[in-house]
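Visitor: In order, the protein sequences belong to chains A and B. Read in order, the letters of the first sequence correspond to residues 33 to 522 in our numbering. Read in order, the letters of the second sequence correspond to residues 33 to 522 in our numbering.
What the hints contain is simulated information worked out from the structure, not anything from laboratory work. The reader is advised that the hints may include incorrect statements.
Pairs count within a copy or across copies, as identical chains cannot be separated in the list.
Unchecked claim - In the SDA-like style, the derived pairs of lysine to any residue whose C-alpha atoms are separated by at most 20 Å in a straight line are:
| id | residue 1 | residue 2 |
| --- | --- | --- |
| 1 | Lys50 | Ile462 |
| 2 | Lys365 | Arg376 |
| 3 | Lys325 | Asn111 |
| 4 | Lys49 | Glu454 |
| 5 | Lys130 | Pro366 |
| 6 | Lys210 | Asp488 |
It should be emphasised that the depicted structure is a prediction, and the values quoted were computed from it without experimental measurement.
Number of protein chains: 2
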Amino acid sequence: MFQEAESDPKIAVAEYKKLEAHLRVRLLNEQYRHLNLQDRALLVIVAGIDGAGKGETINLLNEWMDPRHIHTLAFGAPNKQEREFPVAHRFWRHLPPKGETGIVFGSGYSPLFAEAAKNRIDTDQFERQILFVRKFESSLIANGVQVLKLWFHLSREAQHERTEHLLSNPSTAWQVTKLDIKAQKNFKAIRRAGQLVIEATDSPHSPWVIIPSADPQLRAVRTAQAILGAFTQRTLKAPAFHDPAEAKPLHRQPNPLDKLDHKVTITKSDYDTQVLAWQNRLAQAVRSKAFRKRALMVAFEGADAAGKGGAIRRVTRAIDARHFDIMAVSAPKPWELAHPYLWRFWRNVPEHGRVAIFDRSWYGRVLVERVEKLIPRESWRRAYDEINDFEQQLSGSGIILLKFWLSVTPDEQLRRFRERQESPFKQFKITPEDWRNRRNAKQYAEAARDMFAQTDTPHAPWHVLSANDKKHARVEVLKHIVLAVERALA
Amino acid sequence: MFQEAESDPKIAVAEYKKLEAHLRVRLLNEQYRHLNLQDRALLVIVAGIDGAGKGETINLLNEWMDPRHIHTLAFGAPNKQEREFPVAHRFWRHLPPKGETGIVFGSGYSPLFAEAAKNRIDTDQFERQILFVRKFESSLIANGVQVLKLWFHLSREAQHERTEHLLSNPSTAWQVTKLDIKAQKNFKAIRRAGQLVIEATDSPHSPWVIIPSADPQLRAVRTAQAILGAFTQRTLKAPAFHDPAEAKPLHRQPNPLDKLDHKVTITKSDYDTQVLAWQNRLAQAVRSKAFRKRALMVAFEGADAAGKGGAIRRVTRAIDARHFDIMAVSAPKPWELAHPYLWRFWRNVPEHGRVAIFDRSWYGRVLVERVEKLIPRESWRRAYDEINDFEQQLSGSGIILLKFWLSVTPDEQLRRFRERQESPFKQFKITPEDWRNRRNAKQYAEAARDMFAQTDTPHAPWHVLSANDKKHARVEVLKHIVLAVERALA
Numbered sequence: 033m034f035q036e037a038e039s040d041p042k043i044a045v046a047e048y049k050k051l052e053a054h055l056r057v058r059l060l061n062e063q064y065r066h067l068n069l070q071d072r073a074l075l076v077i078v079a080g081i082d083g084a085g086k087g088e089t090i091n092l093l094n095e096w097m098d099p100r101h102i103h104t105l106a107f108g109a110p111n112k113q114e115r116e117f118p119v120a121h122r123f124w125r126h127l128p129p130k131g132e133t134g135i136v137f138g139s140g141y142s143p144l145f146a147e148a149a150k151n152r153i154d155t156d157q158f159e160r161q162i163l164f165v166r167k168f169e170s171s172l173i174a175n176g177v178q179v180l181k182l183w184f185h186l187s188r189e190a191q192h193e194r195t196e197h198l199l200s201n202p203s204t205a206w207q208v209t210k211l212d213i214k215a216q217k218n219f220k221a222i223r224r225a226g227q228l229v230i231e232a233t234d235s236p237h238s239p240w241v242i243i244p245s246a247d248p249q250l251r252a253v254r255t256a257q258a259i260l261g262a263f264t265q266r267t268l269k270a271p272a273f274h275d276p277a278e279a280k281p282l283h284r285q286p287n288p289l290d291k292l293d294h295k296v297t298i299t300k301s302d303y304d305t306q307v308l309a310w311q312n313r314l315a316q317a318v319r320s321k322a323f324r325k326r327a328l329m330v331a332f333e334g335a336d337a338a339g340k341g342g343a344i345r346r347v348t349r350a351i352d353a354r355h356f357d358i359m360a361v362s363a364p365k366p367w368e369l370a371h372p373y374l375w376r377f378w379r380n381v382p383e384h385g386r387v388a389i390f391d392r393s394w395y396g397r398v399l400v401e402r403v404e405k406l407i408p409r410e411s412w413r414r415a416y417d418e419i420n421d422f423e424q425q426l427s428g429s430g431i432i433l434l435k436f437w438l439s440v441t442p443d444e445q446l447r448r449f450r451e452r453q454e455s456p457f458k459q460f461k462i463t464p465e466d467w468r469n470r471r472n473a474k475q476y477a478e479a480a481r482d483m484f485a486q487t488d489t490p491h492a493p494w495h496v497l498s499a500n501d502k503k504h505a506r507v508e509v510l511k512h513i514v515l516a517v518e519r520a521l522a
Numbered sequence: 033m034f035q036e037a038e039s040d041p042k043i044a045v046a047e048y049k050k051l052e053a054h055l056r057v058r059l060l061n062e063q064y065r066h067l068n069l070q071d072r073a074l075l076v077i078v079a080g081i082d083g084a085g086k087g088e089t090i091n092l093l094n095e096w097m098d099p100r101h102i103h104t105l106a107f108g109a110p111n112k113q114e115r116e117f118p119v120a121h122r123f124w125r126h127l128p129p130k131g132e133t134g135i136v137f138g139s140g141y142s143p144l145f146a147e148a149a150k151n152r153i154d155t156d157q158f159e160r161q162i163l164f165v166r167k168f169e170s171s172l173i174a175n176g177v178q179v180l181k182l183w184f185h186l187s188r189e190a191q192h193e194r195t196e197h198l199l200s201n202p203s204t205a206w207q208v209t210k211l212d213i214k215a216q217k218n219f220k221a222i223r224r225a226g227q228l229v230i231e232a233t234d235s236p237h238s239p240w241v242i243i244p245s246a247d248p249q250l251r252a253v254r255t256a257q258a259i260l261g262a263f264t265q266r267t268l269k270a271p272a273f274h275d276p277a278e279a280k281p282l283h284r285q286p287n288p289l290d291k292l293d294h295k296v297t298i299t300k301s302d303y304d305t306q307v308l309a310w311q312n313r314l315a316q317a318v319r320s321k322a323f324r325k326r327a328l329m330v331a332f333e334g335a336d337a338a339g340k341g342g343a344i345r346r347v348t349r350a351i352d353a354r355h356f357d358i359m360a361v362s363a364p365k366p367w368e369l370a371h372p373y374l375w376r377f378w379r380n381v382p383e384h385g386r387v388a389i390f391d392r393s394w395y396g397r398v399l400v401e402r403v404e405k406l407i408p409r410e411s412w413r414r415a416y417d418e419i420n421d422f423e424q425q426l427s428g429s430g431i432i433l434l435k436f437w438l439s440v441t442p443d444e445q446l447r448r449f450r451e452r453q454e455s456p457f458k459q460f461k462i463t464p465e466d467w468r469n470r471r472n473a474k475q476y477a478e479a480a481r482d483m484f485a486q487t488d489t490p491h492a493p494w495h496v497l498s499a500n501d502k503k504h505a506r507v508e509v510l511k512h513i514v515l516a517v518e519r520a521l522a
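Generate coordinates for the entire structure from the input sequences, incorporating the hints supplied.
Guide: Structure follows, in C-alpha cells:
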C-alpha cells in the first residue's frame, strides 16, 4: 500500500512547472463550476505521517484555488463544551454547504488511528468505530457531501531528514511539532495504524488516496490531482443501500394508531390538578443539579390541528424561559437545503442543562417529504436508518429524548379546522396546505405506520397519544416527559 | 411615574373579553404585515418588579401571536465562555432578523438596575453604562431594529398578595423564585432603581411603557397595546444624529496616504530572513500560555490587487490551522442584510486563544457602500461612531485589534491587473468590478481619507503601508502584528 510513497519519488522541476500551470487552471475552473452548480459539497479528509507536510500542502491549495470557498476545519481534542454533545456534533455543525470545499484536519479518523496505533487494540471498540465512520460517510455521500481521504506518506528516513532540516534553522524550527518528532520513534506503529484503518475504510464511494510526500512538488501535484479527480467525478456514487424493508416489510408490525382509544377524556378539574402537579415535578427536575449534566429533547409530530402547540405551551410553562428553545420546523430554507437534511437538527441539539422542543421534527423526511414526493423513494427509505443513528448518538451522549405523536380522528380534525377558520385569531393557523394534507390523510397514515415500525427504538420510543381530548393529551405528554426525566436523573 | 400602576387598576371581565378578541386579531395582522414587509425587527425589553407576572404575560403573547416568529431571548449571568467576549456580544449574536420579534429578559438593562438599586451608586460607572445603553439603542434603531421597553409594576401589597397566593398552593409554589421573595424586602430600592434608569433612558425613539400588573387581564391588555403601538408606528424614529463633521470637517487631518513612501523596497534575501524571523516570533506569541486569555483580530483593507491575500498568507503560515479563521468579506447575503451591518462581524469575533483575519472588513460601510451609494449619506456618516464603539468594545474586552491599509500607486495597480488578466490562474481575481472601482479611485481616496481621520483611534490605530513592493508590505504587516501581540501579552 505504501510501497510507492516509501520509495520517496520526486518530480523534475521542468515537469512540475508544466503540470503546476495546468493543474491550477483546471482546479480553479472545477471549483467555480461546482460553486455555480451547487450540486455537492466536497470534504477532503487530511491524515498521514506527522511531519509529511500536510499543512504546507493545504496552504498551497489555498493559494492555487479561490480560498474564499475553501474552509479549513481543524478539530483538536474536544473542549469542555464540545464534550457535552455527541462526538459527531462538531463535524455536523461545520459541514460546508454545497458548492464549497471543506478540508478537515483531526477528523473522526483521529481516534481510529490512535486506537489502531496501540499495541493492544480493543477490537470491539475499534470495529464499532469503523462501522460508525463508514455509516457516517455513506450517509454524507447519499446526502450530497462528497468525501475524499488523503494519506500523506513518506519513508522514515525522508521524514527524519525533513524534520531535521526544519529544526536546523531557528526561523523554521517552530514549524516542527512534538508530534513530528514523536512520529520518528513511533513510525512503525503509525504506519501500521494507517494501513489498518485505510484498509477498513477504503471504499469506491469514498476512497483513500496515498500522497507520496518526500518531495514537496510531487506532493502538491498528487494532492491537486486527487482533488481534481473528486471534482470531475460525474455523479456522487452513493454506496449501495441495504433496504431493511427487503428483509421485512415496513408495516408488518402492529400499528400503534390502530389500538388508540379516542374516547378517553379527562374532567376539567382533574385536568387542572394534574397539569399543575406534573408541571411542578417537571419544574423540580429541570432545576435540579443533576439536570445540569443532561439535556432534554422533545419532538412533536402528528396531524394538523392535533394540538401540538397547546401541549408544548403546557410543557414550557414549567421551565424557565432562559432554559428552553422551541424550534418550529417548516420547509427548509435555501441555506438549509445546501446541507444534508439532518444538519439543521444537529445545529439545534441542546447543550447541558437546556431543553429543546421541536414543533415537527427530523421526521418530516419520512412524512411530508415522502408523501408530497419531494424526495426520491430511496432517500426516505434510507432516512429511517439515518434517523435511528442520529437518535442513538443523542441518547448515547446523555440527552433525554422523547418523541410524541398526537393523533386526532378525521371528524375532530375537521371540527377544529372549521373552528380555526371562524376564529379571527386562529385563522393564521390554517392554510390551504392543511386542507391538502387532509385530503392526503391516507398516505400520511401509511407513512406514520412505517415510521413507527422503523423508528420505535429502545433508546427513543414513540409515545402515540389520542389528542381528541386536548386536555387528556396534555396531561399524558407532561407525564411521559416527567417520568423519563426523573428516571434519567435517578 | 408609577402612580397609576401602584393604584393596582383592574379591568372588568366583559370589557376584557371584548378587548382581547380585538387585540388578538390586530396583533396577528400587524405581525404578519411586518413579516411580509421585512422592514424592521422589533425588540421588546422586559423588566420590572420581580413577581409582577412578566413571564406569564410573555407566554400569553406567544399564544396570541404566531409564536414561530417570536424569539424569547433570556440572558442570565454570562457563563465562562460568554465572559470571553465584550458584554454586548451575546445580544448581537441573538438579534432577530427583520420581520421578526425578539422578547428580551435580562437585557443590558439588568446590570443598570442592579447598580441603581445599591445604596451607594458608583455614579461614574452608572453614567457610563447609561450612555452605552443609549448609544447602543440609537444605533439599533438607525439600523432597522425597533426597541420597545416594558416595565411591569404593581404596588408592594399586590406583589405580596400574588406571591403568597402562588406559594399557598404546592402546585404553583415553584413559580415563585427567590427573586420574587427578595423583591418584597427590597421593594423600595427596586422601585427607586426603576425610576432612575427609566428616567435616564426614556426617549421618543425607544420609549419605556409602564404596565400595571396587579390584574393579569389588564396587564395583558396593556402589554398587547404597547406592542401594537410599536408595530403600527409608521417609520422608525431614529434619534437625531449628531454629525461630528459639523464641528470639524472630516478631512481636516493630515492624510496618511499623502506621506506614504512608495519607493521603499526590500531585497529578496532580507525579505526571506525577516519574514521567517517575524513568523517565528508570531508563532511563539500565539502559542504562549498568555495568549490563551486573549484573542487577535486583524482587518485588511486597501485597493484591489494591493496584495491583501498574499500578506494574509504570510501571517497564517505562522499560526496553527486550528487557531485561525479567515473571513473574506463580500457583499452581504440576504439574511445578513436582515440585520444591522455590524451583526456579521460581531458573529465573527474570535474566542480566547484564536485569531480572526478579515480580508476586507466592517469598513466596507464607509468605503464601498459610501462610494457606490448603496446607503444614504447619513448611514455612513453615522458609521464612524458606530465602528469606533465596536472597536472600543473589542479592545476593552482584551482583544488585540489591528487594522491595515495596503496602498498601491495607480500605475502599479494597473500593472497587476494586467498581469492577473494574463495569468490563467489569477484571472478569477480580477472582475469588471475591479475596473469600475479603479475608475472611482478618486472617490475611494476621499472615503479612505475621511475614514482615517475618523477611525484612527488610540485603541485601534490604522497601519497604512505602501504595498508597491509586496515583500516590504508583508514584512511590515508581520512586524506590526508581532509587536502588538507581544506588547499586549507582556
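Visitor: Are the CA atoms of Lys325 and Asn111 at most 20 Å apart within a copy, between copies, both, or neither?
Guide: For Lys325 and Asn111, the Cα distance is within 20 Å both inside one copy (15 Å) and across copies (15 Å).
Visitor: If the cutoff is 20 Å on CA atoms, where do Lys365 and Arg376 land: within, between, both or neither? Let me know, please.
Guide: Close inside one copy (10 Å) and across copies (19 Å); limit 20 Å.
Visitor: How would you label the pair Lys49, Glu454 (within, between, both, or neither) given a Cα cut-off of 20 Å?
Guide: between (75 Å within a copy, 17 Å between copies)
Visitor: When no copy is specified for Lys130 and Pro366, does a C-alpha distance of 20 Å or less occur within a copy, between copies, both, or neither?
Guide: both (11 Å within a copy, 17 Å between copies)
Visitor: Regarding Lys210 and Asp488, is the shortest C-alpha distance of 20 Å or less found within a copy, between copies, in both, or in neither?
Guide: neither (48 Å within a copy, 42 Å between copies)
Visitor: Using 20 Å as the alpha-carbon threshold, which applies to Lys50 and Ile462: within, between, both, or neither?
Guide: Intra 65 Å, inter 23 Å, cutoff 20 Å: neither.
Hint violations for this structure: numbers 1, 6, all remaining hints satisfied.
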